[in-house]
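K.L.:
Sequence:
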Amino acid sequence: MVDEPDSNALDLPESDQAAISRKRPKPGERRLQILQTLALMLEQPGFDRITTAALAAKLEVSEAALYRHFASKAQMFEALIEFVEHSLFSLINQILEKEMPVQLKAHQIATVVLQFAEKNPGMTRVMVGDALVFENDRLQTRMNQLFDRIESNLRIVYKEAAQSNKSATPTVDAQMQASALVSYILGRLLRFTRSGFKRPPSEHLETSLSLFG
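Going by the numbering used here, the first residue of the sequence shown is number -2, and it counts up by one from there.
Be aware that a few hints might be false.
[Unchecked claim] Between beta-carbon pairs, the in silico distance windows are: (1) ALA68 x GLU26: 17 to 27 Å; (2) LYS163 x VAL130: 44 to 54 Å; (3) SER87 x GLN160: 24 to 34 Å; (4) ASN90 x TYR181: 16 to 26 Å; (5) SER149 x GLU57: 42 to 52 Å; (6) GLU157 x SER59: 19 to 29 Å; (7) SER59 x GLU79: 19 to 29 Å; (8) ASP145 x GLU200: 22 to 32 Å; (9) ALA62 x THR138: 26 to 36 Å; (10) ALA54 x GLU26: 37 to 47 Å.
Bear in mind the hints are in silico, worked out from the structure with no lab data behind them.
Glycine is no exception: its CB is placed at the ideal position from the N, C-alpha and C atoms.
Between the sequences and the hints, there should be enough to build the whole structure, so can you do that?
P.N.:
Given below as structure tokens:
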């Protein structure tokens, strides 16, 4: 098994939110605090579109204070996407380097993505694009590229499996299998957000993944 995603970097217990926002942060802490609060707000109902004014109010600071750390709200979302990228691909790379059955590698890659989403509901809204609808188009493009990269890694895994099984069309087989698994992952993430985070992505996960070979 791979290590679980290091999702604690942006964890912020709700009970501590008010207290933390009132403290004078140490140098360098305010930037992280802004991201923590943004991620927390994305988990809450009624925040379909988060404004810098609402974010500043939640932190009990001025909007100008936000812009001392981020030039725009788009930069805040870019920082969240960078966190998703680093968290996922640091673990996916570990999986790719391990010696294990290739099908298991594919299943573990899917598991890493889904477990990360389950532990970071606010981030899931970024991953599926819900939180990016009214934001800069480049953010959705970057998020799309993340899933393209996941699919590319899965194609490598599935092509190795197809070649081992003497498939006459290993490249085509790998493309179809990788595409199907990424579609499944995205479907699970969408269901998670649409259910108000009540339907966990990991629900019946082992049984579901067994359908992908």
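K.L.:
Would you mind marking each hint as holding or not holding in the structure?
P.N.:
Checked hints:
1. ALA68 x GLU26: 17 to 27 Å: 19 Å, holds
2. LYS163 x VAL130: 44 to 54 Å: 46 Å, holds
3. SER87 x GLN160: 24 to 34 Å: 27 Å, holds
4. ASN90 x TYR181: 16 to 26 Å: Holds, at about 22 Å.
5. SER149 x GLU57: 42 to 52 Å: 43 Å, holds
6. GLU157 x SER59: 19 to 29 Å: Given about 54 Å between the Cβ atoms, the range is violated.
7. SER59 x GLU79: 19 to 29 Å: At roughly 25 Å between Cβ atoms, GLU79 and SER59 fall inside 19 to 29 Å, so the hint holds.
8. ASP145 x GLU200: 22 to 32 Å: About 26 Å separates the Cβ atoms of ASP145 and GLU200, which means 22 to 32 Å holds.
9. ALA62 x THR138: 26 to 36 Å: 29 Å, holds
10. ALA54 x GLU26: 37 to 47 Å: 19 Å, violated
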